[in-house]
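Peer 1: Chains A and B, in that order, are what the protein sequence lines are.
With this note's numbering applied, the first sequence corresponds to residues 1 to 171, in that order.
With this note's numbering applied, the second sequence corresponds to residues 1 to 362, in that order.
Incorrect hints may appear among the rest.
[As the list claims (entries may be wrong)] The list that follows gives simulated cross-link-like pairs (lysine to aspartate or glutamate, DMTMM-like), each with its CA atoms no further than 20 Å apart: (1) B:115 with B:77; (2) B:140 with B:123; (3) A:34 with B:45; (4) A:127 with B:269; (5) B:274 with A:123.
Please keep in mind that the hints were generated in silico from the structure rather than gathered at the bench.
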Amino acid sequence: MNIVLNGVTVAIKSPPLASLLTVLREELNVTSTKVGCEQGGCGACTALVNGKPQRTCLTPIAAVDGASVTTVEGLGDSDHLTAVQQSFVNHYAAQCGFCTPAMIIAATAYLEGNGSSDREEIEEALKGHTCRCTGYQKIVSAVAAAVAETTFDLTVTTPSPNTVIKSGGQT
Amino acid sequence: MATHRGFGISSIEYPTGMNQNGDPSQAWVKVKPDGRVDVFSGTSDIGNGAKTIQSQIVAEAIGIPYDWVTFDNSNTDSSPVCTGTFASRATFVAGNAVLKAAMDVKQKILEVAGKEMEVSPEDLHIVDGEVQVKGSPDTKLGVADVAAAATWTHGVLMTGTGAQLNEYAEITNTLTGEVSGPPHAAISYAACAAEVEVDDETGDVRVLRLIQVYDVGKAINPSLVEGQIEGGALMGLGLGVLENSYPYYPSPDHRGYSIGSYYMPSSEDMPEYKTAIIENPSADGPYGAKGIGEMANNGQPGAITAAVHDAVGIWVTELPITPELVLRALDAKAEPRREGKLIAFDEELSVNSMASGISWSV
Numbered sequence: 001m002n003i004v005l006n007g008v009t010v011a012i013k014s015p016p017l018a019s020l021l022t023v024l025r026e027e028l029n030v031t032s033t034k035v036g037c038e039q040g041g042c043g044a045c046t047a048l049v050n051g052k053p054q055r056t057c058l059t060p061i062a063a064v065d066g067a068s069v070t071t072v073e074g075l076g077d078s079d080h081l082t083a084v085q086q087s088f089v090n091h092y093a094a095q096c097g098f099c100t101p102a103m104i105i106a107a108t109a110y111l112e113g114n115g116s117s118d119r120e121e122i123e124e125a126l127k128g129h130t131c132r133c134t135g136y137q138k139i140v141s142a143v144a145a146a147v148a149e150t151t152f153d154l155t156v157t158t159p160s161p162n163t164v165i166k167s168g169g170q171t
Numbered sequence: 001m002a003t004h005r006g007f008g009i010s011s012i013e014y015p016t017g018m019n020q021n022g023d024p025s026q027a028w029v030k031v032k033p034d035g036r037v038d039v040f041s042g043t044s045d046i047g048n049g050a051k052t053i054q055s056q057i058v059a060e061a062i063g064i065p066y067d068w069v070t071f072d073n074s075n076t077d078s079s080p081v082c083t084g085t086f087a088s089r090a091t092f093v094a095g096n097a098v099l100k101a102a103m104d105v106k107q108k109i110l111e112v113a114g115k116e117m118e119v120s121p122e123d124l125h126i127v128d129g130e131v132q133v134k135g136s137p138d139t140k141l142g143v144a145d146v147a148a149a150a151t152w153t154h155g156v157l158m159t160g161t162g163a164q165l166n167e168y169a170e171i172t173n174t175l176t177g178e179v180s181g182p183p184h185a186a187i188s189y190a191a192c193a194a195e196v197e198v199d200d201e202t203g204d205v206r207v208l209r210l211i212q213v214y215d216v217g218k219a220i221n222p223s224l225v226e227g228q229i230e231g232g233a234l235m236g237l238g239l240g241v242l243e244n245s246y247p248y249y250p251s252p253d254h255r256g257y258s259i260g261s262y263y264m265p266s267s268e269d270m271p272e273y274k275t276a277i278i279e280n281p282s283a284d285g286p287y288g289a290k291g292i293g294e295m296a297n298n299g300q301p302g303a304i305t306a307a308v309h310d311a312v313g314i315w316v317t318e319l320p321i322t323p324e325l326v327l328r329a330l331d332a333k334a335e336p337r338r339e340g341k342l343i344a345f346d347e348e349l350s351v352n353s354m355a356s357g358i359s360w361s362v
């Protein structure tokens, strides 16, 4: 068996029913995928499998033989962050950091699926990921800003230069 | 069926640190030969931003750029003693320790700079990484040059140590619990307002808005303070309406068997947050700061409970406010819940029937 991990083909020695999560963490030393509930509930183990976010804790390695697997290590390094990663930094969207790699994976998939900057749609897209620290607000803001930055989004309206905003907030 | 909106407020008074059990935090700071600074402090950063805030305090106190500061990851081997990251004390108690250590090392830097510049250290200060003569900013020497001179010319390792230990407050009256000194180092104040929607058919309570005003003394890093408040707000929402171990807690035989059986707030439960920070400085905190961490999830359950009362006129006296508790309280209140309809009880049929003004007498 082998997988294409972050663009590099690697051979897998683990038994076929070992979870992709165990293979990533213990055989391949890729530790950004976290061991949370191991029941598919918390979302902390999510990686992109053939471009789609998938719970690695519920995925036997044999089921993804030959697949392309992307973890947050494959997105950008500290000198070349992706738009989503930079937006997470800018918006203070991490506290303890346990959910952060999977949140970034989910947000990346959301952006690649042409997600909009509508906050409710982002909340829907991230609802399978539990965060205990941030209250989600800054994460949603980070994703919305990343969408706005990478796409021309008609839902984002800015006042034209001639618009006068009065003190009551009415135009 | 109808949904009802309600508003509620609560207020919080929260003490920072503990003066009762001994509460030490210690730190030391050293200057490297290139002028950059290493901070060793016992406080672990568990996501509260302790490393960031303590590094900010050191940079500000010495007068150097923030990115010259390296915060050593705390450990039980080489780090100084710190009782830990709890009781909202990381900024206040540990922050005071690193502040004292930074002021100590700053004095050492000024002494070496004084020798190099042939000026009395009292006449020097540090601005943006440069030691300057007070009132004559053009007479200056970079902290990096001072550090190099200390290492290679004077044979001095410039270090500073600092320790914070709040005065022990002894119990003087065991009957009233009166103590000899201030029981806490600082008191933070806050208020929380909640807007909820209660469904009188299902008993479901949805929190729509949480408005929070926190007095934190001094927001050393406002974005991190906001993160603490918003994160605490969602935990408070969970305590208020979702998170429950009913019915078997605390028996370990019946603890939750899966993550899905415990309702943690997800991104879809997120209310609209409004957060305001008030800076009412404390006398003893670093730059006037107070603790914020633990108080951030104290106010929401009370505000939500009051909002539920405002919405449907019931006081729920248990947390979390589950649909079952709401429906039982509504039943106990014994008022018609269905607007525009009459609820009639038919003795013979022994059923509750609902109709518009129809009498069921046979």
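Peer 1: Against each hint, give a clear statement of whether it holds in the structure.
Peer 2: Going down the list of hints, with the structure as the test:
Pair hint residue 115 of chain B plus residue 77 of chain B does not hold up; C-alpha atoms about 36 Å apart against a cutoff of 20 Å. Taking the CA atoms of residue 140 of chain B and residue 123 of chain B, the gap is about 12 Å. The hint holds against a cut of 20 Å. Only pairs whose Cα atoms come within 20 Å are accepted, and residue 34 of chain A paired with residue 45 of chain B is accepted, the gap being roughly 19 Å. At roughly 9 Å between alpha-carbon atoms, residue 127 of chain A and residue 269 of chain B fall within 20 Å of each other, so this suggested pair holds.
In summary, the hint linking residue 274 of chain B to residue 123 of chain A is supported, as the alpha carbons are separated by about 18 Å, within the 20 Å threshold.
This entry does not satisfy hint 1, going by the numbered hints stated previously; all others are met.
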